[in-house]
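Engineer: Given the coordinates of chain H, work out where chain P should sit on it, guided by the hints.
For reference, the chains in residue letters:
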Amino acid sequence: MSSTSQTPAPAAAVTPAQPKVRRRRGIRRLNTRDRVVVALLLGIPLLLDLVFVWFPAIGTVLLSFTKWNGVGSLHTKTCQPNMPSILNNGCWYGVQNYHQAATIYPEFWPAVRHNLIWLAVFVLIATPLGMLFAVLIDRGIRGSRMYQSILFLPVMLSLALVGIIWEFMYSQNFGLINTVIGRNGNDNAIDWLGNPHLNLWAVLVEATWRQAGYVMVLYLAGLKAVDPTLREAALMDGANAWQTFWRVIFPVMRPINIVIMVVTVIESLRAFDLVYITNKGINGLELLSVLVTSNIVGETQRVGFGSALGVVLLVISLVPISIFLYQTFRREESR
Amino acid sequence: MTTDTLSRPIAEPAAGPSGPRKPKPWGQIASQVFLICASILWLLPIAFALYVAVRPYSDTRKYGYVSMPHHITFKNFSDAWTQSDMGHFFWNSVLITVPAVIIVLALASGVAFVLTRVNVKLNVALLILFTAGNLLPQQVIITPLYRIYLKIHLPGFLSGSGLMYNSLFGLVVINVAFQLGFCVFVLSNYMKSIPEEMYEAALVDGAGLWTRFWKLTLPLCRPALAALATLLTTWIYNDFFWAITLMSSGDKRPVTSALANLQGQFVSNQNLIAAAAMIAAVPTLVVYVLLQKQFIAGLSLGSSKG
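Protein sequences, first through last, are from chains H and P.
Residue numbering for the first sequence follows my numbering, beginning at 3 and increasing consecutively.
Residue numbering for the second sequence follows my numbering, beginning at 832 and increasing consecutively.
With the rest of the complex left out, here is chain H:
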């Protein structure tokens, strides 16, 4: 959507000087009591955020260069090749985890592929569908409020529930879909959630069902905020509805488009609940998020390896996050 993918953090991090627009109280002008208040109000949440979000985020990156089974301590010695793994624990492993993931870990490339398919379906189907819902509802046709409520309903449900609810649609012998298409006999029933060639697509229908409503609500909020005179002006100039949307409305909705891009990418990287509730993310439903989890809470704890997979997710997610932050806080500066 936007080509600005270089990280904008340094530029945006500068404290804005806004003498005219809004006079904030300088911290030097506060008395002792006020300073204590500032320290408490800012300090406690900051500590919480640093300890439980940012420290683990950096920890993932560091751990990804180690070989560790979670038992014993970490040290900085380099792992010795040709040593039994029991003696080679908590050591510096370089990029070996990444190398192994890419070369000998059988689930890695399928998981990457599934995540990419997930993203593609969200970008090409779920998001446009949600936008279409929003545009149609925004035109104020009869019953639009009711449509909005219905299409929004799945957003309220947890993904775990969505997974369970859809199991009745997909059920092999009794399910609605197989019954309707007449494939509910024991020998020719379609195993929608069990067949590794089908189940990813079946689960993606569930994900789309929920995501489209989410995008719709976000987009509706954006559409409502568009200055109506813009639309009138476009109509006066003889633009049709299609042209008005793509040439006038869509460009002024740039901020919301970026929010939706972020939501779309991040949600497809986070995808976990649906596949976990369906079959714990195996047999055709491998995703990077599942692999990260199974390497740390499974029986074989490969902390370093799991972290390396987490870093892959981190690197991909930094692209949309940077674009969003740049867009949001650059405007902050110029405000």
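Just so you know, the hints here were simulated from the structure itself, not pulled from any lab data.
A hint or two may mislead.
Listed below are the simulated DSBU-like cross-link pairs for lysine-lysine, each with C-alpha atoms no more than 35 Å apart in a straight line [said to hold, decoys possible]:
#: 1; chain 1: P; residue 1: 906; chain 2: H; residue 2: 226
#: 2; chain 1: H; residue 1: 79; chain 2: P; residue 2: 952
#: 3; chain 1: P; residue 1: 952; chain 2: P; residue 2: 982
#: 4; chain 1: P; residue 1: 906; chain 2: H; residue 2: 282
#: 5; chain 1: H; residue 1: 226; chain 2: P; residue 2: 1023
Structural biologist: Leaving out everything else, chain P in the frame of chain H:
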């Protein structure tokens, strides 16, 4: 998906070159048809699960799920409730969600106030730090977080296990820490819209910083706080990932993640699973019916100012 793509071409003209000044009637009709089809498709899975839930197992076993109802019963609901001890899991959800929502809002409004009204150095940098923290996929931080949770010891009254891991307290903490960023972002945007003159007046009256926060800013933020509370309650109640990874045993899990266990427990009686799922959906459906506007307002606050 097939049905979505099938019905889309019908509506394409509606968004397409159909209506210049006044939308032509057939454009209207196409939109209506499309939205009616979509609405049916959107309600169908929920209605179908509900239909399975209100029928006895013997019925669906014999005739399949897609059949006329021979008996309608609410026994599945009471059986699911008692056999799986759902009341207990609901109570866990309450013990996690209520404190987490209150603490997040309290902490986030403090941060947002300081970042918008006091000229702390690195104001924007801090705002970025909080906002970005909420955007990370949970799996990016779970590996070290899991190790940290195994390392932190808690006194017995906070955690039966003596560890942060497998404790309700631990789940409250991670939900608070993770949602903090979003709330700080939304509330700071909201607080920026409060006119500076109000603070000038308060200063003239000699109000300290705490008074300006507690007596002036927070009451003005009530609409945003209400919207966020609705949103957070739903999100934290719906959380699945933290409870699955940071809790080992089934009996401390909140209801959403306990559903994973129920599936195993009721594997021979799918109707009970459907009933349990419907029961678990009740709190969010209550929010949906009563507070839908608040929920949507919360989402819009998070996106439109972005």
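Engineer: Each hint needs a verdict: does it hold in this structure or not?
Structural biologist: Structure-based check of each hint:
A distance of roughly 46 Å separates the Cα atoms of residue 906 of chain P and residue 226 of chain H; the hinted pair therefore is violated under the 35 Å criterion. For the given pair, residue 79 of chain H sits about 39 Å from residue 952 of chain P by alpha-carbon distance, which is inconsistent with the 35 Å threshold. With a C-alpha separation of about 34 Å, the suggested pairing of residue 952 of chain P with residue 982 of chain P holds against the 35 Å cut-off. For the suggested pair residue 906 of chain P and residue 282 of chain H, the alpha carbons sit about 30 Å apart, so the restraint of at most 35 Å is met.
This hinted pair checks out: residue 226 of chain H and residue 1023 of chain P have alpha carbons roughly 21 Å apart, not beyond 35 Å.
When each numbered hint is compared with the structure, violations occur for hints 1, 2.
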